[in-house]
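The chain contents come next:
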Amino acid sequence: MYTLIDGSPKKQQSNSKYFLEYISKHLDEYHIYNINNNYKLILDNIKQSDTIVLAHPLYVDSPNYSTLSLLEYLYNNKDRVANKNFYVIINCGFREGEHNLTALSIIKNWCTKSNVNYMGSLLIGAGEIVGKPKYKLICKKALNNLKLFSNCIKNKELSKDIITTMDLLNNKIYCKLANKSWNKKIKRNKK
Amino acid sequence: MRTIIHDLNENNLKKLKFNKNDKIINALECENHCIGCFSCWTKHPTKCIYQDNFSNIASYIKDSNEFIIITDNKFGCFSSSVKKVLERCIGYVLPYFTIRDNMIHHKLRYNKQLSLKVYVYGNINKEEIMSFNALTRAVSINIGTTKYKAYFINNIKEIDNVYIN
Ligand SMILES: Cc1cc2nc3c(=O)[nH]c(=O)nc-3n(C[C@H](O)[C@H](O)[C@H](O)COP(=O)(O)O)c2cc1C
Chain R
1 MYTLIDGSPK KQQSNSKYFL EYISKHLDEY HIYNINNNYK LILDNIKQSD
51 TIVLAHPLYV DSPNYSTLSL LEYLYNNKDR VANKNFYVII NCGFREGEHN
101 LTALSIIKNW CTKSNVNYMG SLLIGAGEIV GKPKYKLICK KALNNLKLFS
151 NCIKNKELSK DIITTMDLLN NKIYCKLANK SWNKKIKRNK K
Chain Z
1001 MRTIIHDLNE NNLKKLKFNK NDKIINALEC ENHCIGCFSC WTKHPTKCIY
1051 QDNFSNIASY IKDSNEFIII TDNKFGCFSS SVKKVLERCI GYVLPYFTIR
1101 DNMIHHKLRY NKQLSLKVYV YGNINKEEIM SFNALTRAVS INIGTTKYKA
1151 YFINNIKEID NVYIN
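Residue numbers (this note's numbering), protein chains in the order written: chain R, 1 to 191; chain Z, 1001 to 1165.
Keep in mind that the hints were calculated from the coordinates and are not lab data. Some hints here could point you the wrong way.
Okay, derived cross-link-like pairs now, DSS-like style, lysine-lysine, Cα gap no bigger than 25 Å in a straight line [to be verified]:
1. Z:K1043 <-> R:K108
2. Z:K1107 <-> R:K184
3. Z:K1047 <-> R:K185
4. Z:K1107 <-> R:K176
5. R:K180 <-> Z:K1107
6. Z:K1126 <-> R:K132
7. Z:K1126 <-> R:K10
8. Z:K1107 <-> R:K190
9. R:K190 <-> Z:K1043
10. Z:K1126 <-> R:K187
Counterexamples of contact, computed for chain Z against chain R with all Cβ distances above 10 Å [said to hold, decoys possible]:
11. M1001
12. N1009
13. F1018
14. N1021
15. K1023
16. E1029
17. Y1060
18. I1068
19. K1083
20. K1084
21. E1087
22. N1111
23. G1122
24. M1130
25. V1139
26. I1156
Pairwise CB distance ranges, derived in the manner of DEER restraints [said to hold, decoys possible]:
27. Z:R1100 <-> R:T112: 43 to 51 Å
28. R:L27 <-> Z:K1157: 35 to 43 Å
29. Z:I1024 <-> R:E157: 48 to 56 Å
30. R:P133 <-> Z:K1023: 24 to 32 Å
31. Z:K1157 <-> R:K176: 13 to 21 Å
32. R:N144 <-> Z:K1020: 21 to 29 Å
33. R:K140 <-> Z:G1122: 23 to 31 Å
34. R:N179 <-> Z:G1122: 51 to 59 Å
35. Z:G1122 <-> R:D161: 22 to 30 Å
36. R:N144 <-> Z:I1156: 24 to 32 Å
Note that beta-carbon positions come from the ideal geometry of N, C-alpha and C, so glycine has one too.
One chain only, chain R, in its complex shape (with noise of 0.2 Å):
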């Protein structure tokens, strides 16, 4: 059985949801848990689980605040999450995927300390484009490293830690129009 956490704390529908919601499209036994649930909820759930995905944004150069604090709780728990399979998802708002090196070697911090199996992770750039299926033509390599990752999942195999972003763009560009869209939305909200 697989427990999976959706780190964000997002109303709307965020691009960790969608990345679980993928993968467990391949999972036979599952459950997806919203970071707002009930630390203990997710606890109990873990306890029955061999293998824990959690999928977070990137803020401020770590894990957001959220994600952080059922770490804690799940830390001051360890006995109940040792030796359970872990695999990780980090997106972030900057294109490149290698932002999210300094959360991820937070996370391995935690696994170490808490007995966990560190399974790999996988790393998005640009995750408010991958994380929406209207802009899937624009992400083929990343969403085929998510389905790869998917896989490793499934057959609760090691991967890589696999670092992917959007196709296409350079910096430059991705800046320009990421730009644009800020003052599209700045605007909106004037209205």
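Given chain R's structure and the hints, the job is docking chain Z with the ligand onto it.
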């Protein structure tokens, strides 16, 4: 002026010397956490959607020359309490993207060189120190400063010796 965000209890806080115009923010008192709505960028710049004592810390940081974070070590990261406050400060930078140090970062709202000091207390291992140094560096690039340092204090009782007044 200095902005100081901490997660110390009353006893340990008493040991520290502060200047008269320091802005001291007790992270343990912060109730609301960021929900990723980006209002602090797109609706009412710098201000958080939640109206409480933590709504506009970005403006204190703007008026400071030093930004000090005092935090318990959690796996090589800030404690979740401190993290909760930091996430509500992103209005300090602009939403717009630019390329800095060869990677994408936010454009800066204020043109200033803040000094960023992170004081980490609690037991810590080698890997966690490495994570903290990387994290401090990453935050400094994101807020556009080249003056930054993380200090590690093993025993919280020694915080008054290490802490630079
Ligand atoms: C408070 C806050 C801090 C953020 N910090 C970073 C950051 O340091 N680097 C980055 O690339 N993106 C950052 N982001 C952007 C998010 O990682 C990005 O929007 C992500 O796709 C959200 O994923 P989700 O939908 O799963 O919550 C931040 C967003 C917020 C709200």
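Cross-check of the supplied hints:
In summary, the hint linking K1043 (chain Z) to K108 (chain R) is not supported, as the alpha carbons are separated by about 36 Å, beyond the 25 Å threshold. For the hint pairing K1107 (chain Z) with K184 (chain R), the CA-to-CA distance comes to about 17 Å; that is within 25 Å, so the pair holds. Distance hint between K1047 (chain Z) and K185 (chain R) is fulfilled; the C-alpha atoms sit about 16 Å from each other, no more than 25 Å. At roughly 12 Å between alpha-carbon atoms, K1107 (chain Z) and K176 (chain R) fall within 25 Å of each other, so this suggested pair holds.
At roughly 14 Å between alpha-carbon atoms, K180 (chain R) and K1107 (chain Z) fall within 25 Å of each other, so this suggested pair holds. Note on K1126 (chain Z) and K132 (chain R): the hinted pairing is violated, with a Cα-Cα distance of about 38 Å set against a maximum of 25 Å. Taken as a hint, the K1126 (chain Z) and K10 (chain R) pair is broken in the structure, with Cα atoms around 34 Å apart against an allowance of 25 Å. A threshold of 25 Å between alpha carbons decides the hint, and for K1107 (chain Z) with K190 (chain R) the separation of about 21 Å falls inside it, so the pair holds.
For the hint pairing K190 (chain R) with K1043 (chain Z), the CA-to-CA distance comes to about 7 Å; that is within 25 Å, so the pair holds. Among the hinted pairs, K1126 (chain Z) with K187 (chain R) is inconsistent with the structure: their alpha-carbon atoms are about 48 Å apart, more than 25 Å. The non-interface label for M1001 (chain Z) is consistent with chain R: the shortest C-beta to C-beta separation is roughly 22 Å, beyond 10 Å. For N1009 (chain Z), the requirement that its beta carbon stay farther than 10 Å from each beta carbon of chain R is met, with the minimum near 17 Å.
Against chain R, the non-interface label of F1018 (chain Z) holds: every CB pair exceeds 10 Å, the least being about 25 Å. Interface exclusion of N1021 (chain Z) from chain R stands, the closest Cβ pair being 26 Å apart, more than 10 Å. Even its closest Cβ contact with chain R, about 19 Å, leaves K1023 (chain Z) beyond 10 Å, as expected for a residue assigned away from the interface. No Cβ of chain R approaches the Cβ of E1029 (chain Z) within 10 Å, the least distance being about 15 Å, so the stated non-interface status holds.
Consistency note on Y1060 (chain Z): stated as away from chain R, and its beta-carbon is indeed over 10 Å from all of that chain's, at 17 Å minimum. Distance check for I1068 (chain Z) against chain R: the nearest CB is about 16 Å away, which clears 10 Å, and the non-interface claim stands. With a minimum CB-CB distance of about 5 Å to chain R, K1083 (chain Z) fails to clear the 10 Å threshold, and the non-interface call is violated. At roughly 4 Å, the least C-beta separation between K1084 (chain Z) and chain R is not larger than 10 Å, which violates its mark as non-interface.
With 10 Å as the threshold on Cβ separation, the claim that E1087 (chain Z) sits away from chain R is violated: the shortest Cβ distance comes to roughly 5 Å. N1111 (chain Z), annotated as away from the interface, keeps every beta carbon of chain R farther than 10 Å; the closest lies near 19 Å. The non-interface label for G1122 (chain Z) is consistent with chain R: the shortest C-beta to C-beta separation is roughly 12 Å, beyond 10 Å. With a least beta-carbon separation of about 7 Å from chain R, M1130 (chain Z) fails to lie farther than 10 Å from that chain, contradicting its non-interface assignment.
At the 10 Å boundary, the C-beta of V1139 (chain Z) falls inside the reach of chain R, the nearest C-beta of that chain being 6 Å off. I1156 (chain Z), annotated as away from the interface, keeps every beta carbon of chain R farther than 10 Å; the closest lies near 17 Å. A hinted range of 43 to 51 Å is violated for the C-beta pair R1100 (chain Z) and T112 (chain R), which are about 32 Å apart. Checked against the hint of 35 to 43 Å, the C-beta distance between L27 (chain R) and K1157 (chain Z) comes to roughly 49 Å, which is inconsistent with it.
For I1024 (chain Z) paired with E157 (chain R), a C-beta distance near 50 Å keeps the hint of 48 to 56 Å intact. Checked against the given bound of 24 to 32 Å, the beta carbons of P133 (chain R) and K1023 (chain Z), roughly 44 Å apart, lie outside it. For the pair K1157 (chain Z) and K176 (chain R), the beta carbons lie near 52 Å from each other, so the given range of 13 to 21 Å is not met. The given range of 21 to 29 Å is broken by N144 (chain R) and K1020 (chain Z), whose C-beta atoms sit roughly 59 Å from each other.
At roughly 44 Å, the beta-carbon separation of K140 (chain R) and G1122 (chain Z) lies outside the given 23 to 31 Å, and the hint is violated. For N179 (chain R) paired with G1122 (chain Z), a C-beta distance near 40 Å fails the hint of 51 to 59 Å. Against the hinted window of 22 to 30 Å, the Cβ-Cβ separation of G1122 (chain Z) and D161 (chain R) comes to about 27 Å, which satisfies the hint. Distance hint check: the CB atoms of N144 (chain R) and I1156 (chain Z) are about 48 Å apart, inconsistent with the given range 24 to 32 Å.
The structure is inconsistent with the numbered hints 1, 6, 7, 10, 19, 20, 21, 24, 25, 27, 28, 30, 31, 32, 33, 34 and 36, although it conforms to all the rest.
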